[in-house]
Amino acid sequence: MGDISMYQYDKYDQQMVDTRVAEFRDQVERRLAGELTEDQFKPLRLMNGLYLQLHAYMLRVAIPYGTLNSKQMRMLGHIARKYDRDYGHFTTRQNIQYNWIKLEDAPDILANLASVEMHAIQTSGNCIRNISSDQYAGAAADEIADPRPWAEILRQWSSFHPEFSYLPRKFKIAVIASDEDRAAMRLHDIGIQLVHKDGELGAKFFVGGGMGRTPMIAPEIRDFVPADELISYAEACLRVYNRYGRRDNKYKARIKILVHELGKEEYTRQVEEEFAHMKTLGLNPPVEELARITEYFADPAFDKDASDDLDLSDPDFNLWVDQNTVAHKQPGYAIATISLKPKSGIPGDASSAQIDLMADLAEQYSFDEMRVTHSQNIVLPHVKKSDLYALWQKLDEAGLAPANLDLITDSIACPGLDYCSLANARSIPLAQKISERFADLGRQRELGELKLKISGCINACGHHHAGHIGILGVDRKGTENYQLLLGGSAAEDTSLAKITGPGFDEDGVIDAIETVTDLYLKERQEDERFIDTYRRVGMAAFKEAIYG
Amino acid sequence: MKILTGNDLKTGDVTWWTGSDWSRHVEDAVDVGENFEAILHQEEASRRVNVPYAIEAEMTDDGPRPAHIKDRVRALGPTVRPDLTLKPADPEAGNWVI
Amino acid sequence: MVEAIRFRDDNVHEEPAVSLDAFLDQSNATAVRIEAGEDARLLLPLLDRLALIEIDFPVFGDGRGYSAAQILREAGYKGELRASGDVLVDQIAYMRRCGFDAFAPDAPIDAKVMKKALDLYDEVYQGTTDSRAPIWKLRHG
Ligand code: HEM
Ligand code: SF4
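Chains as they are written, first to last, in our numbering: chain A, -8 to 539; chain B, 2 to 99; chain C, 604 to 744.
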């Protein structure tokens, strides 16, 4: 099994990605030779994560369910250095994007990835995308099982799926296994929560969530799907969508619209009917396959005698521990989050050197493992508490120790108009200015948990609908304008944010955020978070404060 | 004025039509008037450019300035990474975009 | 119309395909054509009358025909299943996996490129009606 506690390819998995590289190499050659038009080539490159963006081609590489090891991380650094401009951008869907890729290099990059069991398969296109999961999977104190083996089963099933590669629209699946939702599960096309029923582990299905221009929270459509029927149930959900999802209007093509238009009951009825049929077809891997995969995710060799004692006499370290580490299921260990949100930084960006350093630190302190989070940070899932201080010192030296996890400066921001061809406005400069305005850590901590999310257009890649505070960039007669939203959440208390009113310019929206946070401080009762106060007080008071 | 832009098929670089070729620099772009469909078609077919299109621009002392902010970002590079733009030595370059 | 590509040994079915409505209405036709979006399940009670079912792809990105084909094969249809319309070489391997065994593309397909595409992948991850053994089955015998 090796000593890494994550899935490892066998010869079949390896062969699949190697073949994909060969296939894409051939397709690129045909494109460069003019045998394929751009119209014909586009869906093929998208199936391999290659976009044409504002400045160049952009490559999106999957980090399945957010888990990767040091060797893989170093390869990501190598690609950034050799083929890009020395950095990469970690995204909200547990992918990494490179912004300056040459088409002619793309096949070599994919070959590099395949050499470390990685790929860019189905990171774009109207197919089933990278399966995302809880970044604390396998380490969290509150999970009932590790969701990643289930995600891996789904990864294999959804890869190269012949029936579901030309869906009406993109399709995103998330799998979690605790009541606390750290993966925005109900904002996915399919959200799966692992649950127990009569002592058996199975999957609760939520279908029809999503963001984009019409955000929706996925309703539960089945409370329990047994492990050995997981694939037929997923097939049933997808087949109903593939047949009846709207194809006449790109903006109404996501499954959320189908579920909404049919109604949850009717959609569920159709799925159940299809499921009854699917069950007879022998589509499900046997339970031994789940068991085989699960073995790879066995706990690393924790030191059973590790101590929970921690010397917190260094005040900065103390702050970091308090903010950026959470409880581990194993006594003596902690889960540590490396924030990619330094003051004035670009949320989610990491240089090749930082990528290498994170790989080294994971090797040294976290059983070789890392996670990418949906809030664009990196997690070291298994750090011995006695190593935390040394780890923190090294992070701090490299500018990787902002103690701001879940605080207002830990914002999510999409690439926006600086990189994205669909954008209406820039997102990154806003995140930077907010991080400057709220730079004082004492002030941030006073505000407490506050999820700030910024998108550069209605597509909502920056999750603005799910921000306690959201910002949406719009185009007002050719100039950048920002709308403010309040009251969203991507956690287990999922809710959709509402627009406060007329938009602002860049400075105006930051002023408005300050007004809003000031009101919160004034109104809050006991240990209410911003979102709690907002829910209790209601939009009107906030509106009044902003617009007078 | 109308100018033509696209991306280089192989490298993805943003390019501008100079009247005879494609340049990385918007300063080299020429006014194509209304007769650009044939150029777009021919240049795309010969793969000297990928997905080219025509945009409105205004002639200024510094050369053509695309009418839309998106094309100005394309012309310069990301405003948040001046070091990666075409004018890394000019700290004011970003102002041209906005 | 370009010449059809077939992966069947039987003779080409000569009778022209009628529309789904016409077929369901009354006819004794033995060949039917379904458009994207038409319900392939309507044919299930009548499969043994059919020798050819043609499924149209108005644009290659419209993937409804893949499900239609699977549904027909899952129900045991053994006749010719032909994909017509915007059928491109890079989609043919998946179409084969969904049960298509004939192709009538709008534009010609290079036979060499097609052969390469079809021979590319040795194994598959999922079970479909083409009855290739999925990788999980190979792993567990
Ligand atoms: C720069 C290239 C990108 C392009 C062209 C792009 C395009 C899109 C589009 C068109 C949508 C809307 C889909 C729909 O509503 O049907 C979307 C949604 C989304 N994108 Fe992106 N995106 C890009 C980058 C990113 C990045 C960097 C992230 C992560 C930070 C991201 C994460 C998401 C998420 C989470 C959604 C919402 C999914 C949903 O609607 O359920 N995207 N993207
Ligand atoms: S939200 Fe809009 S601007 Fe931002 S990355 Fe997505 S598509 Fe681009």
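Honestly, the hints are just simulated from the structure, not real lab data.
Each hint should be verified, as a subset may be incorrect.
[Claimed, not checked] Dumping the calculated EDC-like pairs for lysine to aspartate or glutamate here, alpha-carbon to alpha-carbon at most 20 Å: (1) Lys468(A) / Glu59(B); (2) Lys11(B) / Asp351(A); (3) Lys719(C) / Asp17(A).
Keep in mind the model is a prediction, meaning the values are calculated, not measured.
Okay, the hints, checked on the actual structure:
1. Lys468(A) / Glu59(B): It holds: about 17 Å lies between the C-alpha atoms, which stays within 20 Å.
2. Lys11(B) / Asp351(A): Not satisfied, since the Cα-Cα distance of roughly 34 Å exceeds 20 Å.
3. Lys719(C) / Asp17(A): holds, 10 Å
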